[in-house]
Amino acid sequence: MSSPLRICVVGDLDGVHTHRWVRWFVDRGHELHAVSYYQPRRPPPGVTVHILAEGGGAAALGRPGRAGWRTAARRLAEAVSPSLWRLVNGLRYQRRGLGTAIDTVGPDVIHAHYVVEHGFYAALAGRRPLVVTAWGSDVLVAPRRSPLTQAIARYALRRADLVTSNNEYMARRLVELGAPSERVALVVLGADAFFLEAPEASVNLRPPGETPPTVISVRSLDSRLYNVDVILRAMALVRKRVPDARLLVAGEGRLRAGLERLAHRLGTEGAVAFLGYLDREALRDALASSHVYVSVPRSDGTAVSTLEAMAVGCFPIVSDLPSQEELVRDGENGFRAPVGDGGALAERIVEALARPDLRRRALEPNRDLVRRKGLLEENMARMEELYRSLAGQGGATSG
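Quick note: the sequence shown uses my numbering, first residue 1, plus one each step.
Worth flagging that the hints you see were computed from the coordinates, not collected in a lab.
Keep in mind that the hints are not guaranteed to be accurate.
[What the hints assert, rightly or not] The following label-pair restraints were derived from C-beta to C-beta distances:
id, residue 1, residue 2, range
1, V49, R261, 17 to 23 Å
2, R224, L91, 28 to 34 Å
3, R241, G29, 52 to 58 Å
4, D244, A344, 18 to 24 Å
5, A193, L91, 22 to 28 Å
Keep in mind it's a predicted model, so treat the numbers as computed, not measured.
Even for Gly, the Cβ is constructed at its ideal location relative to N, Cα and C.
Throw the hints in and build the complete structure from the sequences for me.
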């Protein structure tokens, strides 16, 4: 391998996607630093974290546990205008010395995740070369809701030396928002090849009726964006026509207790299993035991969980969003369902469960798609090459 790079990350250091991204580069032997306003609850292993706020605690941004007017001010600002709060946070990052912290690290490249927040904060610092990664709602939803957020997105994108997107639809949206097309690259935080290693394990290869019809959801239980409640309501309708159908819900999050109560009210608690956090071996086993995978958020990019499900052999049902068309061709390698429509989703699930031949035919095309476009190793190796290209411009500078 060539000499290690010194990479400075600005992002949500408690986020699972940030952890997966930086872990690959730590494992490759690169020197990883991260700048955060607050002390993360779960710092990424192998990363040197630089804290901006006095005291270094999560309370510095008004996180849970800090009392008083700052918390009240944060909640009021977020409720009145998330866009205004992003602007305030951008100024706070600069006042606390984001640029100075980056200068202290002296990185070869700076990488900020999430355009309208950390991407914006890093752009304000004016250090280069700067990579900004878009994740989904930061370009597909937030800028449409507010002229100020749209201006924030444009500011960040026009000042980035490179912008990465995880699908082609989002890449086009980035260009519409002002990113120069020659600076936009497609890089997917993909599935680990581990999920391709047991092709014979999928229940969709077994004779119909050998196992109960099983549907799985593995998206976050921390945000209503993912519409897990819609999946629960759809399953209540599915069971009226497929009485032995069951639903597996993987993951943890603040919404779990409410979703469990909803399952009880719907009378489906006996057919719904909340599995909690699953390590990758247990996740692969759960996916292999499921005939159908359902992911129907209001906004989405190329979700790692969808790639993992397709790699293992689940038949995917995803939201009918433009960003999902390049993953799922409706009626061929999966189904797309209208967002927020539990009745329509139930129809799609029932049809998928009733068509074992379609599920079986979709197996290899889906696995091939993951091999061609969605593997973590290949995409992160491409990101490494892009980092080196930017680092060759002379390392981080002001301007």
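Each hint tested on the structure:
no., hint, in the structure
1, V49 - R261: 17 to 23 Å, "violated, 37 Å"
2, R224 - L91: 28 to 34 Å, "holds, 29 Å"
3, R241 - G29: 52 to 58 Å, "holds, 54 Å"
4, D244 - A344: 18 to 24 Å, "holds, 22 Å"
5, A193 - L91: 22 to 28 Å, "violated, 43 Å"
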